Amino acid sequence: MSLAELICPAGTPAALRTAVDAGADAVYCGFQDATNARNFPGLNFTPDELAEAVTYAHARGTKVLLALNTYPPAGKVDLWRHAADTGARLGVDAFIVADMGVADYIARMYPGIRLHLSVQAAASSPEAIRYYCENFGVKRVVLPRILTIPEIRQIRREIPCEIETFIFGNHGLMVEGRCSLTNYLTGQSTNMDGVCSPASDVEYVRDADGSMSSQLAGFTIDRFGPEEKAGYPTICKGRYAAPHRPEGYYAFEEPISLNLSRLLPELIEAGVHAFKIEGRQRSKSYVRGVVRAFRAAVDDIKAGREANIADLIALTEGQKQTQGAFETKKWR
Amino acid sequence: MIPTSEPTARLRPGEGAIARLACLVLQPVLTRVVRRVAARHPSLFARLGPHQATDFLIDPVELPFALHLRPDPQALVFRAVPRDTAPQVGATIRGRFLLLLELIDAEQDGDAAFFSRDLEISGDTEAVVRLRNALDDMDGSLAEEASAMFGTPGRAVLARLRRAYPDATKPREYA
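Protein chains in written order, with UniProt numbering: chain A, 1 to 332; chain B, 1 to 175.
None of these hints come from the bench; they were simulated from the model. Hints may be right or wrong, so weigh each one.
[Claimed, not checked] Chain B stretches covered by chain A per the calculated footprint, using a threshold of three residues with CB under 8 Å from any CB of chain A:
{"id": "1", "region": "111-122"}
{"id": "2", "region": "136-145"}
[Unchecked claim] What follows is a list of derived Cβ distance ranges for each label pair:
{"id": "3", "chain 1": "B", "residue 1": "Arg160", "chain 2": "A", "residue 2": "Phe252", "range": "45 to 51 Å"}
{"id": "4", "chain 1": "B", "residue 1": "Leu63", "chain 2": "A", "residue 2": "Asp299", "range": "41 to 47 Å"}
{"id": "5", "chain 1": "A", "residue 1": "Gly101", "chain 2": "B", "residue 2": "Ala46", "range": "50 to 56 Å"}
{"id": "6", "chain 1": "B", "residue 1": "Val77", "chain 2": "A", "residue 2": "Asn183", "range": "49 to 55 Å"}
{"id": "7", "chain 1": "A", "residue 1": "Asp78", "chain 2": "B", "residue 2": "Val77", "range": "37 to 43 Å"}
{"id": "8", "chain 1": "A", "residue 1": "Asp21", "chain 2": "B", "residue 2": "Met149", "range": "25 to 31 Å"}
{"id": "9", "chain 1": "B", "residue 1": "Asp139", "chain 2": "A", "residue 2": "Glu127", "range": "45 to 51 Å"}
{"id": "10", "chain 1": "A", "residue 1": "Asn183", "chain 2": "B", "residue 2": "Ala22", "range": "44 to 50 Å"}
{"id": "11", "chain 1": "A", "residue 1": "Glu158", "chain 2": "B", "residue 2": "Ala46", "range": "22 to 28 Å"}
{"id": "12", "chain 1": "B", "residue 1": "Ala46", "chain 2": "A", "residue 2": "Leu3", "range": "34 to 40 Å"}
{"id": "13", "chain 1": "B", "residue 1": "Asp72", "chain 2": "A", "residue 2": "Ser200", "range": "40 to 46 Å"}
{"id": "14", "chain 1": "B", "residue 1": "Pro87", "chain 2": "A", "residue 2": "Asp33", "range": "32 to 38 Å"}
Please read all numbers here as calculations on a predicted model, not as lab measurements. Where is the CB? At the ideal position from N, CA and C, for every residue including glycine.
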């Protein structure tokens, strides 16, 4: 059986302590800059905060993984190198990277610290994953959310590193690390600035009938009726009118969250080493609730008991959940 | 959907006077609470960044007044205002009173409340996100802290408020 480590999000020091106390095996977090893909206002850690967080986590047997999972623009790589230097100095247990240059720097400078390949690298074939393992010593790959469990099982047989899969949270299906939709509207890059739908460009407008419009950079990307559940203001989950669908429809994805709580035994059997919970942008309340639920479920499965999975629907985007491609590639 | 609280339109005769009286009575309490919170949680202001100077309107829809917050550590503003005289603000956060209280105390998840349409925000979204993240990084319960400042009567008021909103006080335990 794989280790089935629980990898949990932390957007703030308080959220990190909450995740640790709720039973995380490892917590992932980032600095307050473009070096990570949740570079949101008021979120993330200063170096001093990360130092305290590492001390808190290690004292309780929890690992700290530092996300450096964005792509440095040409001429700006020093910010990523400096972040890696700081993380290494503070004693993080692994770096989560996407860019080959960042991976190469860390592999050469800090060969004793584990490298995990971020989902932002979009490595989904054994050939691509093996390349990162052979050239940068990557120890774990975070797989994109586009693979079925049989595909994951097959990949596991053909690669020399551990596999981490998302089990809860954002159901992101774009080719991650390549999506430029936000950049197209706002001029800011998800992959280089770390901001998908930057809050400074988001506006919610309430209409007289109680409907709400989500706008990004002045463009309406969805309109929710008075009783309709809402989602994040991301272009990929917007609802658009087209000549063949004048009533408007979800052209790419829809507001829905991934929830693989019922597939945990199969994922473990397929050789998944670690389960990732998405949501560094979410609150302590979310972290506490989701981590506790999956901690209990994983412990039950490891003990040979049937997992009693808590109902997490209230925390899902649009209050809808899916097993996505993990169940079938025909989920939509 | 949360009920509307558009200013003035839904005021019944006498409500304006009640709102003004409530604001007058509450103001010393609010001033004391916000000063205490600022003194005990100075790291809150760093996460607010440039939005320390932003004016927020926190609008508990079922109460006769709203709350005006400017989280500037040099010139803190936290005051109750009748809706018909509310100032122009950078961002508005609207929802049931106890939901807002529980969001401050990290007992509820703001995104989930937004998805369910129990929470409504308008104006400067970045300001709201910064405020949310700053508050979420605070340890402990602000509501408990504030009520404890006023001893047994303060705690009794908080307990009574929670009893008055049975749905919102139901613990959101997902595990």
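These are the hints, each one checked on the structure:
no.	hint	result
1	111-122	holds (count 9)
2	136-145	holds (count 4)
3	Arg160(B) with Phe252(A): 45 to 51 Å	holds (49 Å)
4	Leu63(B) with Asp299(A): 41 to 47 Å	holds (44 Å)
5	Gly101(A) with Ala46(B): 50 to 56 Å	violated (31 Å)
6	Val77(B) with Asn183(A): 49 to 55 Å	violated (37 Å)
7	Asp78(A) with Val77(B): 37 to 43 Å	holds (40 Å)
8	Asp21(A) with Met149(B): 25 to 31 Å	holds (27 Å)
9	Asp139(B) with Glu127(A): 45 to 51 Å	holds (47 Å)
10	Asn183(A) with Ala22(B): 44 to 50 Å	holds (48 Å)
11	Glu158(A) with Ala46(B): 22 to 28 Å	violated (47 Å)
12	Ala46(B) with Leu3(A): 34 to 40 Å	holds (37 Å)
13	Asp72(B) with Ser200(A): 40 to 46 Å	violated (20 Å)
14	Pro87(B) with Asp33(A): 32 to 38 Å	holds (34 Å)
Of the numbered hints given earlier, the model fails hints 5, 6, 11 and 13; all others are met.
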